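Participant: Taken in sequence, the protein lines are chains C and P.
By my numbering, the letter at position 28 of the first sequence is numbered 31, and the numbering carries on one by one without gaps.
By my numbering, the letter at position 17 of the second sequence is numbered 25, and the numbering carries on one by one without gaps.
Hints in this document: simulated from the structure, not taken from any laboratory.
Being a predicted model, the structure only gives us computed values, none of them experimental.
Think of the CB as a built atom: it goes at the ideal place given N, C-alpha and C, for glycine as much as any other residue.
Just to be clear, a hint being listed does not mean it is correct.
Short, incomplete list of chain P residues facing chain C, as computed with Cβ under 7 Å [unchecked claim]: (1) 30; (2) 50; (3) 51; (4) 75; (5) 77; (6) 83; (7) 86.
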Amino acid sequence: MPLVLCRVDDRLIHGQVVIGWGRPLAARRVLLVDDEVAANPWEQELYRMAVPDGVEIAFISGREAVRHLAEWQADPVRSILLTGSIETLTALYDADPSAVHRINLGGVHHRPGRTERLPYIYLTPDEYRALAELEAHGADVTAQDVPSASPVGLRELA
Amino acid sequence: MSEELRGVVVCHGTVAEALVHATEHISGLSGHLVPVSNTGCDRESLEARIEEAVGGQPAVVFVDMASGSCLIATLRRLRERPDVAVVTGVNLAMLVDFVFHLSLTPAAAADHAAASGGKAIRQP
């Protein structure tokens, strides 16, 4: 299972991801799918600093990531797939449901139009519906900021 | 006379608030440090909190870790501010040093505070 975590977290790479999840999952690569960062070498350097020694990092646009999902899934390198938006994650799931089957909501914070579902999860009605559609198609969507917390099912976020 | 420096402390959880409180208690000087927490923030909102805390005056921003969301937000928003210096690995000794050197330039105050903070790390 090379994609050991598929996570939505609008802070992108930070301690919860690379330490909280990366260590127990023995992840050796972070695949950061974000159009803005993929186009900005200066920001990529910032994110490189946040990754522990021995962990590889790749910066990929959403469009490019769609083409690599099967390859990552077949690759023996244990990888965390990380994106900052539900929209991007939805596009990745639609492209390859078998690769992006289990979806972890790790940090979706407050913005206008969103309401609190958990202290670290805020969703608009449309975002909730989009996630519910993924579940209806077979995805397993849970909210869980760190491994030591209990996962919260999508229905409990309604 | 040049404008006094402001210190902004950016940390995970409640660490910044505790550090600022302890610094004020030790030094007897208050009002020079502004705590910022990353709790509940996405990238944009954390950047906005930091920018608001710094305001328009010269400042040194002290960040808890040498990587991660607090540093990334600080550098993304303030990298083009020549009147702002950034120090990572903030500790109490660093902040106590800083509040007694508010008339220095941001770069000089950052160097001075970082040296004091480094000296405080020992294995007695």
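Participant: Taking the numbered hints from earlier one at a time, note which ones the structure violates and give those numbers from smallest to largest.
Facilitator: Per hint list: 1, 7 violated.
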